Structure formats: C-alpha cells, structure tokens
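Q: Chains as they are written, first to last, in the working numbering: chain A, 1 to 219; chain B, 1 to 223; chain C, 1 to 241.
These are computed hints drawn from the structure, not numbers from a lab.
Do not take every clue at face value.
[To be verified] Pairwise CB distance ranges (calculated):
id, chain 1, residue 1, chain 2, residue 2, range
1, A, Lys141, C, Gly239, 22 to 32 Å
2, B, Ala115, A, Lys141, 20 to 30 Å
3, A, Phe184, B, Lys19, 26 to 36 Å
4, B, Ser88, A, His216, 23 to 33 Å
5, C, Arg215, A, Gln116, 19 to 29 Å
6, A, Gln116, C, Ala129, 29 to 39 Å
7, B, Arg219, C, Met198, 22 to 32 Å
8, B, Leu11, A, Gly165, 27 to 37 Å
9, B, Lys19, A, Gly165, 24 to 34 Å
10, B, Ala150, A, Leu78, 49 to 59 Å
All values reported here derive from a predicted model rather than from experimental measurement.
Backbone N, C-alpha and C define an ideal beta-carbon position, used for all residues, glycine too.
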Amino acid sequence: MIEFTLWDILRNLLLATRWTVVLSLVSFLGGGIVGLALLFLRISKRKSLRSLAKYYIELFQGTPLLMQLFIAFFGLGLFGIDVPAWLAAGLALVLWTAAFLGEIWRGCVEAVAKGQWEASASLGMGWLQQMRYVILPQAMKVAVPPTVGFSVQVIKGTALTSIIGFVELSKAGTVVTNATFQPFTVYGLVALIYFALCWPLSKSSQILERKLNVAHRNH
Amino acid sequence: MNYHFEFGWLLEYYPQIGKGIGITAELIAVGAVAGISLGICCAWVRALGPAWLKPVVAAYVELIRNTPFLIQLFFVFFGLPSLGLQLSELQAANIAMIVNLGAYSCEIIRAGIQATPRGQFEAGASLAMTRFETFRHVILVPSLQRIWPALSSQVVIVMLGSAVVSQIAAEDLTFAANFIQSRTFRAFEAYIVSTIIYLALAILLRQALAIIGGFIFPRRTAR
Amino acid sequence: MSLIEITEVRKSYGATEVLKGINLDVASGEVIAIIGKSGSGKSTLLRCINGLETINRGSISVAGAQLLDDEVHLKALRLKVGMIFQQFNLFPHQTVGGNVMLSQTVVKKTPKPEAEAIARKMLERVGLAHKFDAYPDELSGGQQQRVAIARALAMQPIALLCDEITSALDPELVSEVLAVVRELAAEGMTLLMVTHEMKFARDVCSRVVFMHQGRVHEVGPPEEVFARPQTPELKQFLGLH
Ligand SMILES: Nc1ncnc2c1ncn2[C@@H]1O[C@H](COP(=O)(O)OP(=O)(O)OP(=O)(O)O)[C@@H](O)[C@H]1O
Ligand SMILES: [Mg+2]
Chain A
1 MIEFTLWDIL RNLLLATRWT VVLSLVSFLG GGIVGLALLF LRISKRKSLR
51 SLAKYYIELF QGTPLLMQLF IAFFGLGLFG IDVPAWLAAG LALVLWTAAF
101 LGEIWRGCVE AVAKGQWEAS ASLGMGWLQQ MRYVILPQAM KVAVPPTVGF
151 SVQVIKGTAL TSIIGFVELS KAGTVVTNAT FQPFTVYGLV ALIYFALCWP
201 LSKSSQILER KLNVAHRNH
Chain B
1 MNYHFEFGWL LEYYPQIGKG IGITAELIAV GAVAGISLGI CCAWVRALGP
51 AWLKPVVAAY VELIRNTPFL IQLFFVFFGL PSLGLQLSEL QAANIAMIVN
101 LGAYSCEIIR AGIQATPRGQ FEAGASLAMT RFETFRHVIL VPSLQRIWPA
151 LSSQVVIVML GSAVVSQIAA EDLTFAANFI QSRTFRAFEA YIVSTIIYLA
201 LAILLRQALA IIGGFIFPRR TAR
Chain C
1 MSLIEITEVR KSYGATEVLK GINLDVASGE VIAIIGKSGS GKSTLLRCIN
51 GLETINRGSI SVAGAQLLDD EVHLKALRLK VGMIFQQFNL FPHQTVGGNV
101 MLSQTVVKKT PKPEAEAIAR KMLERVGLAH KFDAYPDELS GGQQQRVAIA
151 RALAMQPIAL LCDEITSALD PELVSEVLAV VRELAAEGMT LLMVTHEMKF
201 ARDVCSRVVF MHQGRVHEVG PPEEVFARPQ TPELKQFLGL H
C-alpha cells in the first residue's frame, strides 16, 4: 500500500477545490441572472406572473436540493442526451440558487418604503423608470448583506453534486478517504477547506449587515 | 422524447416508501427537539453565559454554519469511529442533524434574546430572581416566540437537507427512492414521486410547527 | 436604626460621575419623594439601591442586608426591596395572576395554591382581582402599573422603590395608580419614589429629597422644602413647575 503524507492528501483536496469554486461561481452568477428574472415576475403587476414565480420559489425551496440534482441528472437523460455530471449539477444549482435569491431580493424591494413608489409615481415615472431610478437603487443597498450571506449556502450546496458524480472537494474527500483509510483526517481537512471558503463570506455578510443597520439608525 | 412514464411500481414498493417517510420523520422529530434544545443552551451561553464558554460556543456555531452538512455527516459516521466511537447509520444521522440544527438555532434564538427589552431583565432581577431564573421564566418564552417563524423555516431546511443521510445508508425517503430506482430503473419517476412527498412533508412540517407554536405561545403579541 | 442606609455612594458611567457621594438614611415607614431635574441621577440612585447598577464607592444596606455584587447578597436584598418601573415591565407571556405568582413560586418556592391566594389578595389590594386571568396587553396602562405594584407586593417587601411610575400613563390614569400608592403609604409601607407629581409629594410624603448634579442638594419635610427652598437651584426647579 502506498503511504500518503498529509501534504499528498491536502494537495489532492486543494486541486479538487478548484471545481467547487468554479461551480459555486457559475451557480451564483447564473442563479443571480435567473433570480433577477424571477424577482421581476414576483413583483410584476400581473397576478398570473406573480403566482408563477411564487410557485417556482415554493417548489425549489420546499424540496431537497439533492432531489433537484437527481431529477436534473436523470431527467435530462430522458431526452436521450448522455448527461455529464457537471451539466446536471450546474443546471440544478442555478435553478435552486435563483429561487432563493429571487425571494431574498423580493423582500428587499418590499422593504423600500411605500412612499417611494408613490412619490416617484407622482413625478410621472412609469413602472420601469420607478424600478430603475428609485426602487432598485435603494433595494440593492439592503440586498447586499443577505446576498453575500447566501453565497455561503451555494458553496455548501455544491457539496451535494458529489453524489451525482461531479468531482469536487467532497467527492475528492471520499476518493482520498478510500485510498488512505484516514476518514478523520481527510474529512477534517475537507471541512476546514470549506470553512476557509465560507467563513470570510459569512463574516463579510455580518459586517455589511451591521454597517447597514448603523447607517439606518443614523437616518 | 418517447419515454413512457410508468408509476405502477408505486404499489409494489409502498412499504419501502412508507418506511423511508417514517425514518425521515423520526430524524427530523428527534433533530428538532434535541437540536432546538441544544440551540437554547448555546444561545444562553452566547447571550448571558459565562465568558470562558462563549468562544467555545462561537467556534462551534461558526464551524457548523460554514461547512456542508454532508461533510459533517461523513465526519460523524466515518471519522468518529477512528476515535473508537462506533455509530449506527441512524445514530450518526441523528447526531449530525442535532449538531447542525443546534448551531443554526443558537444564532436565531440569540437574536430573539437580544431583542428582549432591558426592562424584562430588570423586572426579573427586582423580583429577586437570579440571572438564570430570569432567563428561564421571563426571557426564554417571549424570545422563542419572537423568532419562531425563522426557527420553523430552519427546521424545514434541515428536514430537506436530511436527504443526504441516504449517503451513509440510513434508510430514509431518499434511500427508498434510490433503492427503487436501482430495482426498476425508473429513476425519473422514483425521484419525482419522492420529491412530491418531500414537498408534502415540508408543507405538513410547517403547519405542524405553526400549531405547536400556537400551543407554546398562547398569546399572539410579543414585543 | 434606619431601615435603608445609603453612605457616600458614588457611581460613574465611564468617565462621567453620575452619583457624587450620596448620603441618605430612611427610617421604617417613611415615604420619601425624590425630585430633581432630568439627568440629576434620581433613577440611578434607585437602581443602585436595588442592585440593578453596581456602585463604585460607598455602601448601601437595607434592614442590615448589605448590597454586595454577588447573587446571594443581591437576592437577600431584593427580597426586602421591591421595585416598580416607569414602563411597568410586566411579563407579556404570563397572565396577570401568573405575573404576580411567578417570583413567589420561582424564588421563594411558595407552593402554588398559597402563591395563588397571595396573588389574589394583592390584586384585590390594587383593585384588580377580577383581572386575574387577563393578559397584560388586555389592560390599560394604569391597570398594568397596578399589577406591577401587586407583583412587587406579593414578595412581601419591607420597602418599595418607585421610579416615575406614573410618567408613562395618560393623565386620566395617573390618579388610580397614585391612589394605590397613597394607601400603601397609609398602611406604613416604606416608599422611595422618584416623582414629578409635586402635589402628591406634598400630601403624602414625609420627606422630600432634591437631587442636583449627582448630589442630595436639599432634604426636608415637604412643608419646608416647598415653602422655603434654601438653595437657588431648588428655587429655580420649583419655579419651573
Ligand atoms: N447606562 C448608562 N450609561 C451611561 N450613562 C448613563 C446611563 N444611565 C444613565 N446615564 C447618565 O447618568 C445621568 C443620570 O441619569 P438618571 O437616569 O439617573 O437621571 P434621572 O435623574 O433619572 O433623569 P430623568 O428625570 O430624565 O429620568 C444622565 O446624565 C444619564 O445620561
Ligand atoms: Mg429617571
């Protein structure tokens, strides 16, 4: 049997971490774009569009991400395509992220005082202009901390893609464990790497949130 | 796409599905009760407890909240035995869920405690209650009431997250779905059905928590 | 011997000294009104007596119980001294009866039936026996404050500290609370109250303490203090009213 040094283990894990990072970025950006679309549906004037977005969000927030991954993986397969794991993983994570970001952002838009809508309407702005010049700029400020905070959930969410065979940090952890028979060390290291990725984001989210609260109080 | 959907197997495999639902329900019931209890203890430490314990709890909370549940589960199930702690799949799943929910609920409950008006602490003190008695009898219930919606959401999130315990062969609902798909090769149907069941469970759980909330907090208003 | 002995008490928040050497002895059965401008340290003094704030210098004792900053001593002191707050601070999740029974059962370990009997008696005293099963948010401010008084009385204290207990009330509700306090005074309860109700102070109190910039500036029976103020500060303060 080959001996693995701690460095061997760590190096293998770090190499795989690249894919965790890439997948997280893709999911977050893709999810952001779809989430923005969802947001507009969710706050649109047409009730049918609003409920469409609402059901989408409830569906994705009310079912396990793992199931969404399975369905993407096996569902795409039904179209006769041989689905690579990364595609299913990316698709499911984008849709899942979108649901959460859409809902977070809706809360931020609704947090903008009603008087702002009325004031901008009284200035003769149309809906799009109101959004573009008055509502979104204010909502965006409030949205930053929870959005940064949710990016942590996205990174942690990517761990599930190991289950459908995408090779990222968690999968590498399993592979390395099977080779070294040192689950305690390996999973400990895997956890620490995730922590190193997530903690700065969590902390920034907290700090931004606190700053925002202070700014609000000084109003 | 000329795929024929086929749900006839449902009848044949309902015992597996039933058992899976039972185990998922058991996991979240135990996880919620023990996890929230752990969260209350940790929140007490972070908000009002002894100074030397605070960093310990803070480290626990940060560590759990910044690592995936899957890795926590693997660490408990595969990692702890090397320390001589042998656990069954179900025990490992239970522990991982309790530890996970404990950390999240700690933060949620702490926010509730911190939103307590200072006068409540002072009223308790002026009636000769100790700090702990004041917490236990005066602060705790209104604090929990304040954050009950957030806590309920977290419980639902942990229930949905429990799907990964199938990866250590705990025989939950996802395990049943995997089992059925390996037997019938009807992966898509198996996962659609179990997804619908999860959705129903999430809705039920949310209702149940609202009802429980109504029991624990008979008064609607909480400041 | 005095019931409450306050000797050379000093209290600072950071660099600002809020109490600058307070001396005050209160005999059993005395009713003391503490008056003074906003920020003169009235609340701080009361809160120190009940151990809600720790003092930096000096000593406070109540019926021989020393104020020390540990839970055993604090508890002993607080069992002797009750406190009523401006904002009532009733427990929102407990009924009126529950509010009055809670600390009896928790602190004194009084058996429930007995605690309930005491609670009913105290609520009777403040005229709210019929509200036993109501929740605080179903009561008016005046009623809530009377419950708070009953809650403090249920611990059978030998003195009560009242910090502007009518200031948060609508004017028409003030008198019902003051009537309760008047009755307590008549029954011989020792009372220390911060108040802006000058007429009440004149009618009910045995002594008036005027505080100014963290010191006891003038003390005396109400007839003296109100009729013949000695210092310009007190004259100015009374003139403002
Ligand atoms: N927790 C605190 N931290 C810092 N300063 C405080 C604190 N509490 C009170 N102070 C300061 O101590 C001084 C005295 O406050 P205190 O509340 O005792 O005044 P008061 O006489 O009760 O006034 P009021 O009539 O407005 O109630 C004030 O200048 C106040 O700003
Ligand atoms: Mg005051």
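Q: Each hint should be assessed against the structure and marked as holding or not.
A: Cross-check of the supplied hints:
1. A/Lys141 to C/Gly239: 22 to 32 Å: 50 Å, violated
2. B/Ala115 to A/Lys141: 20 to 30 Å: With a Cβ separation near 23 Å, alanine 115 of chain B and lysine 141 of chain A satisfy 20 to 30 Å, so the hint holds.
3. A/Phe184 to B/Lys19: 26 to 36 Å: 31 Å, holds
4. B/Ser88 to A/His216: 23 to 33 Å: 50 Å, violated
5. C/Arg215 to A/Gln116: 19 to 29 Å: Given range 19 to 29 Å: violated, Cβ gap about 51 Å.
6. A/Gln116 to C/Ala129: 29 to 39 Å: At 51 Å between Cβs, range violated.
7. B/Arg219 to C/Met198: 22 to 32 Å: 38 Å, violated
8. B/Leu11 to A/Gly165: 27 to 37 Å: Holds - the Cβ-Cβ distance for leucine 11 of chain B and glycine 165 of chain A, about 31 Å, lies within 27 to 37 Å.
9. B/Lys19 to A/Gly165: 24 to 34 Å: Given about 27 Å between the Cβ atoms, the range holds.
10. B/Ala150 to A/Leu78: 49 to 59 Å: 38 Å, violated
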